[in-house]
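Note that the protein sequences, when read in sequence, are chains W and C. The C-terminal residue of the first sequence carries number 253 in the working numbering, and the numbering is unbroken. The C-terminal residue of the second sequence carries number 1253 in the working numbering, and the numbering is unbroken.
Be careful, since some hints might not be right.
Said to hold, decoys possible - Capping the alpha-carbon separation at 25 Å, the derived lysine-lysine pairs in DSS-like fashion look like this:
no., chain 1, residue 1, chain 2, residue 2
1, C, 1169, C, 1036
2, W, 169, W, 36
3, C, 1073, C, 1036
4, W, 73, C, 1036
5, W, 239, C, 1239
6, W, 36, W, 73
Worth flagging that the hints you see were computed from the coordinates, not collected in a lab. This structure is a prediction, so every number in the text was calculated from the model and none was measured.
Number of protein chains: 2
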Amino acid sequence: MTGTLYVIGTGPGSPEQITLEAQAAIAASSHFFGYKPYIERLNLGPAQIAVPSDNREELDRARSALVLAAEGKSVAMVSGGDPGVFAMASAVCEAIDTGEPDWRGIELVIVPGVTAMLATAARIGAPLGNDFCAMSLSDNLKPWEVIEQRLRAAAGAGFAIAFYNPISKSRPWQLGKALEILREILPPDTVVSVGRGVGPNRGTIGHRSLSELEAETIDMSTCIIVGNRFTRAIARPDKPDLVYTPRWVPDND
Amino acid sequence: MTGTLYVIGTGPGSPEQITLEAQAAIAASSHFFGYKPYIERLNLGPAQIAVPSDNREELDRARSALVLAAEGKSVAMVSGGDPGVFAMASAVCEAIDTGEPDWRGIELVIVPGVTAMLATAARIGAPLGNDFCAMSLSDNLKPWEVIEQRLRAAAGAGFAIAFYNPISKSRPWQLGKALEILREILPPDTVVSVGRGVGPNRGTIGHRSLSELEAETIDMSTCIIVGNRFTRAIARPDKPDLVYTPRWVPDND
């Protein structure tokens, strides 16, 4: 008998930003994998089991979940945000691709969610209002040279850029180097949105110019959105500035 | 007295893919702007008013909503998907930026949602599992040359690419031309995911190779995700193929 693996995005941190589909998938699951703080805020019932997983390696965690699902269990792999954006969905697919043949018979249900850049953008305005890229600045699984090449291509072509995994204890210099590269390509007054732990009425949100943003002020729960050359900040009395990237690009650009 | 403008993303089409925050914002609003089919599926109460808006021009629609909010009303501007991704949030910000000074005092609440590319990706696996771009193929508000330049930059640097607004009656050739450009850069067997009206157990999902995808088979409610060179399709017995883009890029790339 084959079970089900739900790969669930719970949204960017606020309980209100979860979808009804994700709530239903959580209710239908008996075993839960994922980062401990994500699991803890689910308020599991007495028959629901949080599977301890100190394992930081995503592929191993995916395999453990698939083993349980292959035994017939209803297993949940819980991510914040959206599971398909720098979270567990790709690792689960890779584990199926490279693992036991019977894992291909497991019912796999990937439940999308609001990813961090969308919540950050919503809190400050519409910095992703034109074409944009999402990039992980982690060089754990890709060479730094590829990241540099992608940064140059995206900024040069006028994409807004959202950074995931901007910085960590083991990756202290990458964000500073990325900002250096962007400063070679974009004007110093390019508007950069910076959100930390944002949700409705939660977290902090603001903006800096590309020239004044300091990597040292950023931590791993920060989402950074670098605008394009037309991104604007609007001052408002007694309210935080709005930041938006216009839908248009001028003809003479 | 100043009112509130909620700019609400209701998710990609399935009622289950709305967030709790979006449901609460709908309940708190008295006047509703937006594309008629989106409004109709909200099941408004007797005291809630759908404001007829034949107006196809987004900036004018944003201004009409701001006028009502400035009078003290609680106004909802409803988008499918996420309002910040090729939807109404940027137009609302632009209307505030260029409009009446007192519009800056309106309480503006942008409610994020699951955008179409995330729902499409979830249904087929994880095609956005590495760095990716989102691009609108509409050249109504930006020169076609900019779109070409962005396509070349994104594909050349190894981003997966999600297309929004791929084709319409008034823009019949743009998708075909975009695919031509991608075929100059990417291998013919690049895996392209194609979703139409997808949600949990809804719509159609599948994949084609870049060489076999025909623009004539695509309509405006289709979401297309072009993989990178490492994107893979996994065959499964009695189940649709999974498509995923690996989290890694090899060192020798």
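So, going through the hints one by one against the coordinates:
Pair hint residue 1169 (chain C) plus residue 1036 (chain C) holds up; C-alpha atoms about 19 Å apart against a cutoff of 25 Å. Restraint check: the Cα-Cα separation between residue 169 (chain W) and residue 36 (chain W) comes to about 19 Å, which is no more than 25 Å; the hinted pair holds. Distance check on the hinted pair: residue 1073 (chain C) and residue 1036 (chain C) sit about 20 Å apart at the alpha-carbon level, within 25 Å; holds. Simply put, residue 73 (chain W) and residue 1036 (chain C) have alpha-carbon atoms about 42 Å apart, too far for the 25 Å limit, and the pair is violated.
For the proposed pair residue 239 (chain W) and residue 1239 (chain C), the alpha carbon gap of about 51 Å is over 25 Å, so the pair is violated. With a C-alpha separation of about 20 Å, the suggested pairing of residue 36 (chain W) with residue 73 (chain W) holds against the 25 Å cut-off.
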